[in-house]
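Just so you know, the sequences run in chain order A and B. Numbering of the first sequence is given in our numbering, commencing with residue 1 and proceeding in unit increments. Numbering of the second sequence is given in our numbering, commencing with residue 123 and proceeding in unit increments.
Bear in mind the hints are in silico, worked out from the structure with no lab data behind them. These numbers come from a predicted model, not from an experiment. Ideal Cβ placement from N, Cα and C applies to all residues, glycine included. Treat the hints loosely; a few may be bogus.
Quick list of simulated restraints, FRET-style, between CB atoms [unchecked claim]: (1) Arg219/B - Gly26/A: 35 to 41 Å; (2) Ala73/A - Val481/B: 52 to 58 Å; (3) Glu485/B - Leu120/A: 46 to 52 Å; (4) Asp427/B - Asp43/A: 51 to 57 Å.
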Amino acid sequence: MTASILTVDDSASIRLTTRVALSNAGYTVTEAVDGKDGLAKLDAGQFDIIVTDLNMPNMDGLTMIRELRKLPAHTGVPVIFLTTESDAEIKQQAKAAGATGWLTKPFDPESLVKIVRKVLGR
Amino acid sequence: MSFPDPIAVFRTEAAELLEQIEAGLLDLNVNLGDKDQVDTVFRSLHTLKGSGAMFGFDALAAFTHHCETAFDRVRKGEVPATHDLVGAVLEAKDHMRLLVDTPTGDHEAASEALLASLRRAVDGAGVPEAPAGPSTTRYTIRFSLPQDAMANGTNPLGLLDEMRDLGDCRVVADRSAIPPLDQLNPVDLHLSWTVELTTSEPRSAIDDVFIFVMDDMQLEVTEVQGEPQTSAAPAEAEAVVAATDPAATTPKPAAKGPATVDAKAAKAAENVRVPAERLDELMDRVGELVIAQSRLSQLAGSSGDLQLRAVSEDVERLSGELRDTMMVLRMVPVTQLFSRFRRLVHDLANETGKVIELVTEGETTEVDKSVIERLADPMIHLVRNSCDHGLETAEQRLAAGKPAAGTISLSARQQGGEVIITIKDDGRGIDKDRVRAKAESSGLIAANASLSDQELYQLIFQPGFSTAQQVTNLSGRGVGMDVVKRTIDALRGTINVVSRPGQGSEISLAIPLTLAIIDGLLVRVGSGRYVIPLAAVEECLELSVEEDMRSRGRSFISLRDSLVPFIRLRDLFRTGTTPDPFQKVVVISTGSERVGLVVDQIIGDHQTVIKSMSKLHHDVGTFSGATILGDGNVALILDVGHLVSEGQQQEAQLRAAG
Chain A
1 MTASILTVDD SASIRLTTRV ALSNAGYTVT EAVDGKDGLA KLDAGQFDII VTDLNMPNMD
61 GLTMIRELRK LPAHTGVPVI FLTTESDAEI KQQAKAAGAT GWLTKPFDPE SLVKIVRKVL
121 GR
Chain B
123 MSFPDPIAVF RTEAAELLEQ IEAGLLDLNV NLGDKDQVDT VFRSLHTLKG SGAMFGFDAL
183 AAFTHHCETA FDRVRKGEVP ATHDLVGAVL EAKDHMRLLV DTPTGDHEAA SEALLASLRR
243 AVDGAGVPEA PAGPSTTRYT IRFSLPQDAM ANGTNPLGLL DEMRDLGDCR VVADRSAIPP
303 LDQLNPVDLH LSWTVELTTS EPRSAIDDVF IFVMDDMQLE VTEVQGEPQT SAAPAEAEAV
363 VAATDPAATT PKPAAKGPAT VDAKAAKAAE NVRVPAERLD ELMDRVGELV IAQSRLSQLA
423 GSSGDLQLRA VSEDVERLSG ELRDTMMVLR MVPVTQLFSR FRRLVHDLAN ETGKVIELVT
483 EGETTEVDKS VIERLADPMI HLVRNSCDHG LETAEQRLAA GKPAAGTISL SARQQGGEVI
543 ITIKDDGRGI DKDRVRAKAE SSGLIAANAS LSDQELYQLI FQPGFSTAQQ VTNLSGRGVG
603 MDVVKRTIDA LRGTINVVSR PGQGSEISLA IPLTLAIIDG LLVRVGSGRY VIPLAAVEEC
663 LELSVEEDMR SRGRSFISLR DSLVPFIRLR DLFRTGTTPD PFQKVVVIST GSERVGLVVD
723 QIIGDHQTVI KSMSKLHHDV GTFSGATILG DGNVALILDV GHLVSEGQQQ EAQLRAAG
């Protein structure tokens, strides 16, 4: 069974890259353009993993992660956030909000797939 | 699965981001304390850097990084926003555009210079690189994860699997902390593990396994010397990563901008971005449909089959609606166009030392995208001209009793099938005497020729015409205005100039809303059929035999007490046929100039899908394109601008001849 992934990013080009990389790796990809949209997509379906940007208009990634952790239906769903900051504080905030892991931008498609594989487990 | 070219997507996005950055910076320049704009600029820089690096625009990413860092400090309140800083980033923004357009070019020196000035504007701070760790072979690893790790998506089995991937592995789980079943929450984690790992991977590979949980977990990695032991003592701990108290770092509340920002973003999210060429394809198809539909109408009309007629009328209505919808799809607000002038005027004010304010109105007016793109250059010329020639210096203005700041206003409004774009300044106005003197000296007009104001102003659009006494960086090189005229002509638009000495001048561009389909008047000349753009048609009248006879040799008709030159299309096209007994005159105009076209028959209005002429016919002046008629024949579309100027020349020659 192919794992299904929700990607949340306000940048069309990043959405495109992640979509290409992940669908080439055999995953099913659903896209959302910001935190609000992400929660709406979560409302409508189940995902095996969520990949989200933090810095987004409308609803940022941290808020979305906090909100989704309140939803019993999505307990334990891994959440990977994308960040350009190597800043430990941001990571700590995201972790406190309930994120599982992160990927530092810029990333190449392979490292994205690697991280997704890592977090999904075998 | 096929995807659009990511590089192209990135370029489009980068262009938008750069525009946002520029708009944000310009707003910031007006109000340095505007926190929202600082955030907007920062976010755009941030995204530009992130996606730039991802698509291999390394120079762009590296360069943008410094600007982002600077803005991050502003955002955090470490550095105040200053005009110097905003100016430096504005210049840097232009450089970023260059880095997007030509990523492989040699921009290093320019980058360095800009960064130096940025550093002068803010104190730059270097970021030290993190050193890498050494590697060994045998470890004892004890670890336990936070209780909520599983709820937050970490799978401990995955971590163990990853360690098994590193090498030979023995795992022992400590189950002592598991509570009685009735107190057990299935998503809580109570286990801890001891792992003995033999690996050729470096030490950092173990850290990589735990990278995401490192900060919240208990992890003890011990390098074991010699033979593997059954139960390793925690001696010689190479690294003990203690858990940090999650409560110590209070998460920042996710405060966001005001509700209006939310609404704007929501609106953007509902949009679908489509490459313009796909719209063009769709437009082509709609065009073909319109042609097929008019064939159907013709068939239905001649068959007398009532049912067929009913269907044909339905198809006609639907294709008309489809066409209208299609037009709307291609429309974009002129905001896009106007917003670039804020920067231009800002720069021009700096270069000329004048104080210039830009006022825009009617930004929501919508125009076909391809029209907008082609309007940019002529408008830049006109605005430059206004800033350079039109507006006076602050001292001159004060002396003339005007406010020190000059105003350039751009406005757009729709009027019928046209959009009127006006570029207005409150400067000194066009010096008619100088225009006349210049035109006479360069032989454009005869000395003492009697010209209306409008005719006089139109002279500034002649090639090689410039009244500037000094050539400046901005304008006055005599190129530009004729290019403006040519571009507007190509858009089938007209230019109207109004000027009041000492009060300023106003140049209006009237441009058709769309380029692809026009309403035309279908006429017959000899055996050929031609289309005249309906927007240019003023009236149709009959050329009486007397008038025809009287005007032989002198091609003028009198129209409500004014003489209008006319062109016999039958002569122009050399049809060699005998004229119809009752010839018609179609009076067409561009702005203030009129000319009559004598045709054999007026067939009626015709919705025309414009097909451009081949390259071979590029320089044919009389026609601007072609269209396919309902019966499959081709009709040429007359170039109104060209015919009118031809008619006017004819008039001028006659006047000169006396």
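So which hints don't hold here, by number, going up? Checked against the structure, no hint fails, so every one of them is satisfied.
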